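Asks: Sequence:
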Amino acid sequence: MKKGYYIHFQGRQSIGVSKKIDMQMEELRKFFDVQEMEVETVARSLPNRVLGLFPTASIARDYRAALEKMDDPDFLYVRRTVADRAYLGFWKRVKERYPNCKIIIELFTYPYDKDDFGKWNAWPFYIKELLYRPKLKNYVDRFATYTEDQEIFGIPTLQSANGIHVERVPQVAGEFADGQINIIGVAYMQRHHGYERIIKGLHEYYTNQKNPEYKVVLRLVGDGPEKPLYQELVSKYHLEAYVHFYPTMSGEELDRLYDTCDMALVSFGMYKAGFYGKMCALKSRECLAKGMPLITGCEIDVLPEDYPYAKVFSNDSSVVDIGEITALYKRIRSSVGSKKELADKIRAFAREHVSMEAVMRNVVMYIES
Numbered sequence: 014m015k016k017g018y019y020i021h022f023q024g025r026q027s028i029g030v031s032k033k034i035d036m037q038m039e040e041l042r043k044f045f046d047v048q049e050m051e052v053e054t055v056a057r058s059l060p061n062r063v064l065g066l067f068p069t070a071s072i073a074r075d076y077r078a079a080l081e082k083m084d085d086p087d088f089l090y091v092r093r094t095v096a097d098r099a100y101l102g103f104w105k106r107v108k109e110r111y112p113n114c115k116i117i118i119e120l121f122t123y124p125y126d127k128d129d130f131g132k133w134n135a136w137p138f139y140i141k142e143l144l145y146r147p148k149l150k151n152y153v154d155r156f157a158t159y160t161e162d163q164e165i166f167g168i169p170t171l172q173s174a175n176g177i178h179v180e181r182v183p184q185v186a187g188e189f190a191d192g193q194i195n196i197i198g199v200a201y202m203q204r205h206h207g208y209e210r211i212i213k214g215l216h217e218y219y220t221n222q223k224n225p226e227y228k229v230v231l232r233l234v235g236d237g238p239e240k241p242l243y244q245e246l247v248s249k250y251h252l253e254a255y256v257h258f259y260p261t262m263s264g265e266e267l268d269r270l271y272d273t274c275d276m277a278l279v280s281f282g283m284y285k286a287g288f289y290g291k292m293c294a295l296k297s298r299e300c301l302a303k304g305m306p307l308i309t310g311c312e313i314d315v316l317p318e319d320y321p322y323a324k325v326f327s328n329d330s331s332v333v334d335i336g337e338i339t340a341l342y343k344r345i346r347s348s349v350g351s352k353k354e355l356a357d358k359i360r361a362f363a364r365e366h367v368s369m370e371a372v373m374r375n376v377v378m379y380i381e382s
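If you read the sequence shown in our numbering, its first letter stands for residue 14, the second for the next number, and so on.
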């Protein structure tokens, strides 16, 4: 059995990243002997931290200890971090010591310059990145990317995607309600969620239609900095009967609320972050695994254009046309016999496209080759 290391740079500090590390390692361990390796950051005095901002200086990471822990690996699977002189030197030393070791670096976002280095205080690290990442092609064998790029920075890619353990997500239950559409949005509400577009859309829907065919109800679950804005808009438009707010929920309590809903929201404000590509957010995967039709304001990477159980609105500030949502719901209702039949179809799609087995397949095949 081939052996390797899953390398990250303090990835356990984030709950979401930590979960993803666990899922990816679990999948890799079905085929290989995989050990986790965290490259730790070393404490430095303030003067040394300041000196470390210079372009040719390096972020204080203990690469020596990481190299000493390695024992003849066949591969390394790595979560990307800022490229600098020491980062480049680490891969060089790995290749010198283990020339047949395959180095695979996961680009969990790409392009990432604006996200990672958009703020002025990140510029010193951006200069390091620009200086050293072109040289990675001398040592790195593949980038695992969620995009369709065949090559990035001169390095061939492996097509991957954000994935989840589909079978661990409870499938949505319940029945369709006559004359009513319940839409759920679950998030730590931030600017990129853009739920104000939906709320304004509901305002127009109920203003223009005195006796609509469907009563559309929005259930927003979670807290976050944008929640007061959404609550203010609901009050302004007198939508209290149609928009219900819930605190952060999880587990069976949240599953029961999902069971009362027919469609799920993803994000409607990605344009605010300057993102106009195809989104690979875990929320979209979770909703597909639950078996729920999606409503989104940004294209989702795994969905074909003709996917029948999703509505993709434009990635801008325009008000969402609720009539288009009701039209989709009506088409879906006419095509399936029950809510369970619909959920089964969507969940089967999730197994094929966003399960960990599916998204890690190309990586596994490359390591085995």
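Quick caveat, the hints were computed from the structure, so don't treat them as lab data.
Everything numeric in this text was worked out from a predicted model, so none of it was measured.
Where is the CB? At the ideal position from N, CA and C, for every residue including glycine.
A portion of the hints provided could be inaccurate.
Claimed, not checked - With a straight-line Cα cutoff of 30 Å, these simulated DSS-like cross-link-like pairs (lysine-lysine) come out:
#1 127 x 105
#2 343 x 353
#3 223 x 343
#4 150 x 115
#5 285 x 132
#6 150 x 132
#7 132 x 296
#8 324 x 352
#9 108 x 148
#10 115 x 82
#11 148 x 82
#12 82 x 108
#13 213 x 223
#14 291 x 148
As the list claims (entries may be wrong) - Simulated restraints, written as ranges between beta carbons of each label pair:
#15 228 x 16: 36 to 46 Å
#16 82 x 139: 42 to 52 Å
#17 190 x 66: 50 to 60 Å
#18 124 x 237: 21 to 31 Å
Asks: If a hint holds in the structure, say so; if it does not, say that too.
Replies: Taking the hints in turn, this is what the structure says about them:
Between residue 127 and residue 105 the CA atoms are separated by roughly 28 Å; this keeps the pair inside 30 Å, and the hint holds. This hinted pair checks out: residue 343 and residue 353 have alpha carbons roughly 16 Å apart, not beyond 30 Å. Restraint check for residue 223 and residue 343: the C-alpha separation of about 19 Å stays at or below 30 Å, so the hint holds. About 13 Å separates the Cα atoms of residue 150 and residue 115, which keeps this hinted pair within 30 Å; it holds.
The straight-line distance between the Cα atoms of residue 285 and residue 132 is roughly 15 Å, inside the 30 Å bound, and the hint therefore holds. A distance of roughly 27 Å separates the Cα atoms of residue 150 and residue 132; the hinted pair therefore holds under the 30 Å criterion. With a C-alpha separation of about 26 Å, the suggested pair residue 132 and residue 296 falls inside the 30 Å cut-off, and the hint holds. Of the supplied pair hints, the one linking residue 324 and residue 352 holds, its CA atoms being roughly 18 Å apart against a limit of 30 Å.
For the proposed pair residue 108 and residue 148, the alpha carbon gap of about 14 Å is at most 30 Å, so the pair holds. Distance check on the hinted pair: residue 115 and residue 82 sit about 17 Å apart at the alpha-carbon level, within 30 Å; holds. Between the alpha carbons of residue 148 and residue 82 the distance comes to roughly 25 Å, so the proposed pair stays at or under 30 Å and holds. For the proposed pair residue 82 and residue 108, the alpha carbon gap of about 15 Å is at most 30 Å, so the pair holds.
Among the hinted pairs, residue 213 with residue 223 is consistent with the structure: their alpha-carbon atoms are about 16 Å apart, no more than 30 Å. Straight-line distance between C-alpha atoms of residue 291 and residue 148 comes to about 28 Å, which keeps the hinted pair within the 30 Å bound. In this structure the supplied range 36 to 46 Å is violated for residue 228 paired with residue 16, their Cβ-Cβ distance being about 58 Å. The hinted range of 42 to 52 Å is not satisfied by residue 82 and residue 139, whose Cβ atoms lie roughly 30 Å apart.
Between residue 190 and residue 66 the beta carbon distance is about 58 Å. The supplied range of 50 to 60 Å therefore holds. Taking the beta carbon of each, residue 124 and residue 237 are about 26 Å apart, inside 21 to 31 Å as hinted.
When each numbered hint is compared with the structure, violations occur for hints 15 and 16.
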